[in-house]
Amino acid sequence: MNTFYEGLAEILEVDASKLSPEFSFADANADWDSLAIVSTIALADDSFNVMLDGKALAACEKVADIEALIDAARHRNA
Amino acid sequence: MQPATATPEHGVGREARTAGARIAGVVTCVPADVRRNEDFHSRFGEDAVADVVKMIGVQTRRRAAADVTTRDLCRLAAQRLMAGLEWAPASIDALIFVSQTPDFRLPATACALQAELGIGTSCIAFDVNLGCSGYPYALWLGMTMLQTGAARRVLLAVGDTISKIVDPSDRATALLFGDCGTATALELDPDAAPAHFILGSDGLGATNLIVPTGGFRDYAASGDPRLEGRSAHSLYMDGGEIFNFTLRSVPPLVARTLALAEGRTHDFHLFHQANQFMLKHLIKKAKLPPAQAPLNIEEFGNTSSASIPLLMTTRLREPLASSRQRLAMYGFGVGYSWASASLDVGPLRVVENIEA
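Just so you know, the protein sequences line up as chains A and B, in that order. According to the working numbering, the first sequence is numbered sequentially starting from 1. According to the working numbering, the second sequence is numbered sequentially starting from 1001.
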């Protein structure tokens, strides 16, 4: 998950050390906008070779929600 | 227009091969009017413009005047091309106009171009309604006509003036698209190496990139919540869906195109200039050297079906004028429709970009 966290920190414009599954976009005032969402689709594709759904990502509120989508997508691939 | 429920098996596309035809020359024509990002600050605000630009990577784009259409840009390109090649109008047997911005719902713009260019009436002329995938489709169609003997010289007029159908208040599309018309000359060449094509379609994505009203079915009245409060005559783009489509479809298209190249490597890979962020991701994913996958979206925006020939005239002019290059081309988008072409191009007697 390390390169993924680094990439995600860059997308959210926060320090990577602050990211954890419980990191909430709203609490941290991080922009979870359409740009962040498509960047995350690309990042997950790079890091895990999975395709995330934009609408499902838009509904994510914290990092754990994204990780759950990635796990589900990897399970589908397996 | 309602999407079907069953998803057919998803192949990469039909594979086709043509022989005995080559590109003789390419001329592109962009309007002289340059629109810079700063020109959009007053409408959207500087921060909003910067947010979109960070993603799409467009710094400038060209915009056609109100009384200039795709047909005009293609005509100017074709005139320069025919003059440069010393092709008499009477020697052209077929003219195919590929565009989503024709002059009229009817008649076909290709017929108007045939007359304006002084091409004789023994000419096959028709329009093809395709956008981002249009250039490889046009090459396949033109080369197939040459191979069958239906034509000895074919003119492809390919381009769009999407600025005329964007909603000026929709920053996602207003900043992205640029206008361009192109002309490509194809002719018989018994010595030409075979060209390979892959062509595919998925109409389940039809409503994700659409002008809902203006044809003969009114999709704006369908109740699709995404269209609420939008101008029905303007282009609607579901950016997230298009991004997903591209990431799903283009990497297999690239992989299969490389596999069909019979062990030969390509000198350049020309991607439809859709969106800079997406392109960089696709190029990285395909493990292509960036120097072999030129971009021009930063200068001209997304020019729809014209983006691949515009890459040839603006980024590969010297190599294509002086020598033979093995090119791979990838078009993908509205439809959904996608296609690749893999062929030898050059040395070209005429390869240039002009302004109107």
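Where hints are given, some of them may not hold.
As the list claims (entries may be wrong) - Quick list of the computed label-pair ranges, beta carbon to beta carbon:
#, chain 1, residue 1, chain 2, residue 2, range
1, B, N1129, A, N29, 57 to 63 angstroms
2, A, E10, B, S1042, 26 to 32 angstroms
3, A, A56, B, S1201, 35 to 41 angstroms
4, B, E1086, A, A56, 55 to 61 angstroms
5, A, E10, B, A1065, 40 to 46 angstroms
6, B, D1167, A, N49, 32 to 38 angstroms
7, B, A1032, A, N29, 42 to 48 angstroms
8, A, A72, B, R1230, 53 to 59 angstroms
9, B, E1116, A, T3, 53 to 59 angstroms
10, B, D1051, A, N49, 35 to 41 angstroms
11, A, A56, B, E1116, 18 to 24 angstroms
Said to hold, decoys possible - If the Cβ cut is set under 7 angstroms, some of the chain B residues that face chain A in the computed set are:
#, residue
12, V1053
13, Y1219
14, G1240
15, H1281
16, I1283
Because the hints were derived from the structure by calculation, they are not lab data. Heads up, the beta-carbon is just placed ideally off N, CA and C, and yes, glycines get one too.
Consistency of beta-carbon spacing, N49/A to D1167/B, with hint 32 to 38 angstroms:
holds, 36 angstroms
Are G1240/B and chain A close enough, Cβ to Cβ, to be under 7 angstroms, as the hint says?
This interface hint holds because 3 angstroms falls under the 7 angstroms limit.
Can you let me know if the beta-carbon spacing of E10/A and S1042/B is within 26 to 32 angstroms?
Taking Cβ atoms as reference, E10/A and S1042/B lie about 31 angstroms apart, which means the hint holds.
Does the nearest C-beta of chain A fall within a distance shorter than 7 angstroms of the C-beta of I1283/B?
I1283/B check fails; min Cβ-Cβ to chain A is 12 angstroms, beyond 7 angstroms.
Does the Cβ-Cβ separation between N1129/B and N29/A fall within 57 to 63 angstroms?
Violated, since N1129/B and N29/A (Cβ atoms, about 46 angstroms apart) do not stay within the stated range.
State, for the Cβ atoms of E1086/B and A56/A, whether the hinted interval 55 to 61 angstroms holds or is violated.
Taking Cβ atoms as reference, E1086/B and A56/A lie about 58 angstroms apart, which means the hint holds.
Determine whether the Cβ-Cβ distance between A56/A and E1116/B falls within the hinted range of 18 to 24 angstroms.
violated, 51 angstroms
Does the Cβ distance between E10/A and A1065/B fall inside 40 to 46 angstroms?
Since the Cβ atoms of E10/A and A1065/B sit about 42 angstroms apart, the hinted range of 40 to 46 angstroms holds.
Pairwise beta carbon distance, A1032/B to N29/A, judged against the given window 42 to 48 angstroms
For A1032/B and N29/A the Cβ distance comes to about 44 angstroms; the hint holds.
Look at the Cβ atoms of E1116/B and T3/A and judge whether their distance stays inside 53 to 59 angstroms.
holds, 56 angstroms
Kindly confirm whether 35 to 41 angstroms is satisfied by the beta carbon distance between D1051/B and N49/A.
violated, 28 angstroms
Please check whether V1053/B passes as an interface residue: C-beta within 7 angstroms of a C-beta belonging to chain A.
violated, 10 angstroms
The structure is inconsistent with the numbered hints 1, 3, 8, 10, 11, 12, 13, 16, although it conforms to all the rest.
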